[in-house]
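Visitor: Fit chain G to the supplied structure of chain P, relying on the hints for placement.
Top to bottom, those sequences are chains P and G. Counting from 122, one number per residue, gives the positions in the first sequence under this note's numbering. Counting from 122, one number per residue, gives the positions in the second sequence under this note's numbering.
There could be a bad hint or two in this list.
Because identical chains cannot be distinguished in the list, a pair is counted as satisfied if it fits within a single copy or across any two copies.
[Said to hold, decoys possible] Each computed DSBU-like pair below joins lysine-lysine, with the alpha-carbon atoms no more than 30 Å apart: (1) Lys140 <-> Lys279; (2) Lys417 <-> Lys197; (3) Lys349 <-> Lys409; (4) Lys197 <-> Lys395; (5) Lys349 <-> Lys159; (6) Lys159 <-> Lys279; (7) Lys349 <-> Lys269; (8) Lys424 <-> Lys352; (9) Lys290 <-> Lys352; (10) Lys385 <-> Lys140; (11) Lys417 <-> Lys159; (12) Lys269 <-> Lys279; (13) Lys140 <-> Lys159; (14) Lys349 <-> Lys290; (15) Lys290 <-> Lys279; (16) Lys417 <-> Lys385.
Keep in mind that the hints were calculated from the coordinates and are not lab data.
Protein chains: 2
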Amino acid sequence: MFEETYLLPSSHASYDPTKHSQLIKLSQLINELNENVKYLPGIRLPSNILATPDITNAVKDATILVFSVPHQFVSKICDQIQGHNLPYAKAISCIKGVEVSPEGVSLFSDVIGRRLGIYCGALSGANIANEVAQEKFSETTIAYQPPKETPEEQEIPKEYPPIDHATFKTLFHRPYFHVRCISDVAGVSLGGALKNIVALAAGFSDGRGWGDNAKASIMRVGLLEMRKFGKMFFADTCRTSTFTEESCGVADLITSCNGGRNHKCAKMMVTTGKKIEEIEEEVLDGQKLQGTSTAKEVNEFLKMRGLEGEFPLFTAVYSRFSCRVRGRRNANPCLYSRDPQGRVHC
Amino acid sequence: MFEETYLLPSSHASYDPTKHSQLIKLSQLINELNENVKYLPGIRLPSNILATPDITNAVKDATILVFSVPHQFVSKICDQIQGHNLPYAKAISCIKGVEVSPEGVSLFSDVIGRRLGIYCGALSGANIANEVAQEKFSETTIAYQPPKETPEEQEIPKEYPPIDHATFKTLFHRPYFHVRCISDVAGVSLGGALKNIVALAAGFSDGRGWGDNAKASIMRVGLLEMRKFGKMFFADTCRTSTFTEESCGVADLITSCNGGRNHKCAKMMVTTGKKIEEIEEEVLDGQKLQGTSTAKEVNEFLKMRGLEGEFPLFTAVYSRFSCRVRGRRNANPCLYSRDPQGRVHC
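Just chain P, with the same shape it has in the complex (with noise of 0.2 Å):
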């Protein structure tokens, strides 16, 4: 990405002529102006921050990778990684998601740490990024256990210091960004995908005009299908508490639900009867919502299980909407009648 060119604008008050009239690559503007000029503009970065189009010099000699792109990029980027990392470098990823496919749901964090040999957690909480680079108060949630006394671990050169929670915390607890440090890592990297599945019902609800009780019974229902999903399927680590207590849990949940793209989108597709297609066009560019195929992934997932009836909120949200997908809406009844229950139910 920082291999792209960027031409900066004359109204930038760092705006030189002599050195700005022409396109520059954009980790160079960075590195000059500390500021990512292209996609954070206005927001001032520690000069300690540097940017680089070269990832294997990135990752060279460091301890600590953190993972922050979009997940598309993901298994790209571990190829480019894959033999350049410290053998005893460990990784967080804060990559929002998880991989559902019918044969089995997999974190993202599993896939870098199974790529590059490493171990590596996850960050996730409330934490609309904007609002974190204006240094508004926010939480988050990261979640990191790596197996006691691997090879690897023995491995590490005695100058460095075991890395823990502590070292986590300092690294990235900040008095405008707090930090809690779990272990549960799947029910972290859960918690970011599910709740855009509630947030798709939450916007259908408020589309409607069902009501603030409504909304607030879908949340809550949905709350205890994201608990029931990890705990059904990730049984050895996730917590109820990842859930209902954390920042990845229900503080995420509830900031998705108030004002997130998913709700805003699916609210949109009620209000204006259009498809999702239409309305991503229309809100996002063209780009895909998360929550729409997180639904449907999750969905193929449970069905080859026989488990959709277990899970009947993530089961009515995907039906919802996969009639629009597929352009069915004018076969489906149920989309005009009012549901009694309340339940979004196609």
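Guide: What follows is chain G alone, placed relative to chain P:
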């Protein structure tokens, strides 16, 4: 209340000048029109609901008493009922809140139960009244667990089946009003009271424009303080799940922080710089907010035990609010400084 008289507006659909051109008792109008024309206009009541101004007559031979009255009337109503209720009647209190004094926390269900010599459970949830009246979907929580094998229970005539969770589900559950029954009466009652303190904090945050992340943090931290309060002072019966999983906990908190009157007035305090009394005068016709009195009572209760520091959010809300109340606004410099931690400190 039903001894009040009311002049039916001539615009009412059932207005009959031969009957309604003078003041009529509200109870009589309710029974004639199946509508509470003064307090719930436009909502048709079932014809088997009878209004009566004679409370001793209302409770006569009743095996189940449901209390749904403003909390300041509880004591007087118990005085009137005492000696007229069946000794084996059971009660449910739908009164939101608890009575907190420096000496202790008293649940309205306990007050009712003690005064009438019967067992009383509690009902609370994300139940904004006008939405329930319109039969929009909502959920609620009923807490009910009478002690087993009491002398009173042995007195119950054989023709009365035992009153249990199934009875209350039959009585209250509707397609648009879903009921979950649990045993934690203290948790249900505390949820309905303490969420109002958190809603004030959320309102302060919104008034300052601290953003969605900060608001979600406040709700998360507030939920955990609610739970902690319950576990600390009702250790024998309070359960974590009542707060984190039930409608009376997390769901009621969500609706209250998204549009309840405590949230709205706290936000106005910040944006207008007015005192809470002025806001109450303007918005609530001089009625008092429940959150402000609960915040004060809870603070006095905690202070007496040296536990203010254990509940930083509750304590901060009271400090913030009490400065305004005491007219010390200009004496407190913190009101004008930004709090980098996003907490609602004074």
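Visitor: Hint numbers the structure violates, sorted upward?
Guide: The structure conflicts with hints 1, 4, 5, 6, 10 and 11, although it agrees with all the remaining ones.
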